[in-house]
Amino acid sequence: KTQVEQSPQSLVVRQGENCVLQCNYSVTPDNHLRWFKQDTGKGLVSLTVLVDQKDKTSNGRYSATLDKDAKHSTLHITATLLDDTATYICVVGDRGSALGRLHFGAGTQLIVIP
Amino acid sequence: DMKVTQMPRYLIKRMGENVLLECGQDMSHETMYWYRQDPGLGLQLIYISYDVDSNSEGDIPKGYRVSRKKREHFSLILDSAKTNQTSVYFCASSPPGQKNQAPLFGEGTRLSVL
Numbered sequence: 001k002t003q004v005e006q007s008p009q010s011l012v013v014r015q016g017e018n019c020v021l022q023c024n025y026s027v028t029p030d031n032h033l034r035w036f037k038q039d040t041g042k043g044l045v046s047l048t049v050l051v052d053q054k055d056k057t058s059n060g061r062y063s064a065t066l067d068k069d070a071k072h073s074t075l076h077i078t079a080t081l082l083d084d085t086a087t088y089i090c091v092v093g094d095r096g097s098a099l100g101r102l103h104f105g106a107g108t109q110l111i112v113i114p
Numbered sequence: 001d002m003k004v005t006q007m008p009r010y011l012i013k014r015m016g017e018n019v020l021l022e023c024g025q026d027m028s029h030e031t032m033y034w035y036r037q038d039p040g041l042g043l044q045l046i047y048i049s050y051d052v053d054s055n056s057e058g059d060i061p062k063g064y065r066v067s068r069k070k071r072e073h074f075s076l077i078l079d080s081a082k083t084n085q086t087s088v089y090f091c092a093s094s095p096p097g098q099k100n101q102a103p104l105f106g107e108g109t110r111l112s113v114l
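Protein sequences appear in the order of chains L and W.
Here the first sequence stands for residues 1 to 114, numbered as in our numbering.
Here the second sequence stands for residues 1 to 114, numbered as in our numbering.
Check each hint, because a few of them may be wrong.
Stated by the list, open to error - Some but not every residue of chain W turned toward chain L, in silico, with C-beta under 8 Å:
id, residue
1, 8
2, 24
3, 41
4, 106
To be verified - Below are the DSS-like pairs computed for lysine-lysine, each with C-alpha atoms no more than 27 Å apart in a straight line:
id, chain 1, residue 1, chain 2, residue 2
5, L, 54, L, 68
6, L, 42, W, 3
7, L, 71, L, 54
8, L, 1, W, 62
9, W, 13, L, 1
10, W, 69, W, 13
11, W, 62, L, 42
12, L, 1, W, 3
13, L, 37, L, 56
By construction, these hints were calculated from the structure, which means they are not laboratory data.
All residues carry an ideal CB built from backbone N, CA and C; glycine is no exception.
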């Protein structure tokens, strides 16, 4: 059973628009949640990690929230650029160390058009 | 520059042939992983290695084996490849003992089994 669900599956926005990606999960325990960006044909690159029960992070035009009570996270991208075109993957870790397991969502494919 | 290197990047094999995928990292990370990524699915863990000759099965180990004789190098072996092993394979490594540190991913090996 899929433990990490992302929505939407795909999204098309115009350059300069904002967008919000969603992640719902059922992983227990949920030590941390991380968002990755995966460019086409490339590996995963970490954007941000959320740890606290109710957490917020900001990394340039990327900001994220986590609500562990609701087991829900959002990734906001502000003023999108063409280079934001990629797949964004939500990953929940059940421990804080490398001994834990990572549970991956299938990703949201974001396409930014001129 | 911290990097996980995968070789080869692209590979085409016939069903029944043996396949060797190689992964290297120069950061002395103890923990390394092999995942596969298929369309519409999150990354699935094949094997995890905690150090030299200390390997554990992941969620989908059937049809695969691994070898880690040096800390910097982790190999994935498919003995008698099957068509359903066509996929993109990712190697990753994690820094030791640091809480919530992001794993580093290679750029993937795209394997087609005909």
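**Asked** What hint numbers does the structure not satisfy?
**Response** 1, 2, 9, 12
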